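J.: Single-letter residue listing:
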Amino acid sequence: MRQVAVVGIGKTPFGAFLERDLRSLAVEALQKCLEDARVQPSQVEAFYLGNFAGPSFVGQNHLAPYVSAAAGITGVPATRVEAACASSGSAFFHAYSAVAAGLYDIVLVAGVEKMTSQATPRVAEILASAGDLCGEIKAGGTFPALFAMIARRHMHEYGTTREQLAAVAVKNHENGFLNPYAHMRKRITLQQALAGKPVADPLTVYDCSLVSDGAAAALLMPVERAWDFTSKPLARVLGIAQTSDHVALDQKASITTFPAVRLAAEKAYKMAGVGPGDIEFAEVHDCFTIAEIVAIEDLGFVRKGEGGPFSAAGCSARTGTKPVNASGGLKSKGHPVGATGVAQICDVVMQIRGEAGDLQLARHSLGLAQNLGGSGATGVVTILGAA
Amino acid sequence: METKALGDGVVYTETVVYSAPEAFLQDAPYQLAIIEFSDASRVTGRILGERVTISDRVSFVEYRQGIPFFRKTA
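Residue numbers (numbering that gives the first Met the number 0), protein chains in the order written: chain E, 0 to 386; chain W, 0 to 73.
Think of the hints as simulated: they come from the structure by calculation, not from any bench.
Note that the structure is a prediction, hence the values are computed from the model and not measured.
Idealized CB from N, CA, C, for every residue including glycine.
Some hints here could point you the wrong way.
[Said to hold, decoys possible] In silico contact screen, one side only, chain E against chain W (beta carbon under 7 Å); selected entries:
1) Ser96
2) Thr141
3) Arg151
4) Glu156
5) Gly158
6) Glu162
7) Gly195
8) Val198
[What the hints assert, rightly or not] Which residues of chain W face chain E? A partial, calculated answer using Cβ under 7 Å:
9) Gly6
10) Val15
11) Tyr17
12) Ser18
13) Pro20
14) Glu21
15) Phe23
16) Gln25
17) Thr43
18) Gly44
19) Arg45
20) Ile53
21) Val60
22) Arg63
23) Ile66
Please model the complete structure; the sequences and the hints are all you need to start from.
T.: This is the structure:
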């Protein structure tokens with residue numbers, strides 16, 4: 000296996016952009032990424048696109064060549080990857096695999112989602128199609144409801160509190176307030192978060208990530224070729240794994256842990272030769288506040304059941320011992336589903352390069368990104384380090 | 000469509016859904032729960048009547064349009 004580096008990144012801001020279409024968002028991210036990597040479109044040897052539900056949200060299919068050709072990339076394999084909210088984390092995994100295996104040298108990977116063209120009930124219905132339509136969804140489940148049931152069980156088993164969930168939201172909004180790319184740049188108080196409109200008990204609107212439009216891209220190549228293109232600090236892919244589990248929540252042995260994430264983390268740590276204690280900062284999949292708490296437990300940052308107290312004590316704040324979601328996370332940055340996985344990679348790379356501006360962390364040479372599909376049926380964990 | 004009667008079970012987890020999908024807008028707020036049976040298998044269904052919490056015993060009532068409904072065991 001060859002050593003692989005991320006030599007280019009590009010993102011659109013996340014938000015509700017009524018005047019923008021899916022293709023223009025994706026093309027903006029691709030062009031920014033190519034420019035960042037100093038790579039011409041004609042040099043790209045393969046393209047992978049993470050997208051959850053373009054055909055449902057905007058009616059367009061055949062999305063990978065639809066997007067890449069508009070950025071001047073033709074004559075190469077252009078492939079769409081769908082894995083619910085982990086679509087572009089998975090696309091990144093496949094792009095990495097192709098470069099590491101020696102199939103291609105210069106591979107572009109992106110994620111995009113255009114969600115705000117549909118009314119909220121329709122958005123909820125499209126998102127729910129990432130669950131089991133024959134069981135949990137048919138019975139009236141929504142994604143907030145599924146994660147609410149995870150939260151209830153976590154509270155029951157470990158004594159996690161509403162205040163601890165709300166602390167995650169307050170922290171991520173505090174971070175997102177400083178992120179120029181974030182969808183909701185608004186600070187909130189613990190009282191506001193607790194008093195939010197109920198969505199599915201015990202979750203309120205402040206426990207839920209945002210319905211957003213946006214795109215993100217990254218360019219991968221073997222480390223030995225990277226210096227031909229860029230003079231920026233390299234972010235090397237030290238460890239990466241994608242794993243799978245049952246789609247339906249009621250089929251999992253436990254719902255207070257995601258085995259797919261635990262296994263992906265174990266494999267990625269082993270590949271990188273590091274442990275959870277070595278990771279300096281992380282971008283984790285906080286589609287709901289409870290998901291961040293479960294993620295930091297599954298990643299081994301804290302012992303099982305200690306995610307709530309750890310969050311409430313400020314340990315995952317930017318100035319804490321283990322900064323989590325310095326970008327603002329899905330909660331404040333926004334969650335254009337198919338874009339999220341690659342956007343997390345971009346945020347980790349920005350930290351490694353020292354390009355994170357007001358969000359720059361003191362320790363930023365070894366970061367982790369964790370991307371979750373649905374209620375845990377896909378887990379992708381990527382560890383990046385300064386080369 | 001599943002029509003086999005289910006047994007009684009225990010609430011493994013639950014939520015009350017306020018923000019409902021279009022098909023269930025008229026039902027909201029409604030309680031959704033994962034019920035665990037004695038063989039450790041689980042199913043996601045809806046709760047009729049009194050609200051339940053984790054570990055409550057529930058009895059199967061009936062299927063309505065393929066959805067299993069349960070009620071707190073008296």
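J.: Compare the structure with each hint and give your call.
T.: Structure-based check of all given hints:
no.	hint	verdict
1	Ser96	35 Å, violated
2	Thr141	6 Å, holds
3	Arg151	5 Å, holds
4	Glu156	9 Å, violated
5	Gly158	13 Å, violated
6	Glu162	19 Å, violated
7	Gly195	11 Å, violated
8	Val198	5 Å, holds
9	Gly6	15 Å, violated
10	Val15	4 Å, holds
11	Tyr17	5 Å, holds
12	Ser18	5 Å, holds
13	Pro20	5 Å, holds
14	Glu21	4 Å, holds
15	Phe23	5 Å, holds
16	Gln25	11 Å, violated
17	Thr43	4 Å, holds
18	Gly44	6 Å, holds
19	Arg45	6 Å, holds
20	Ile53	5 Å, holds
21	Val60	13 Å, violated
22	Arg63	10 Å, violated
23	Ile66	5 Å, holds
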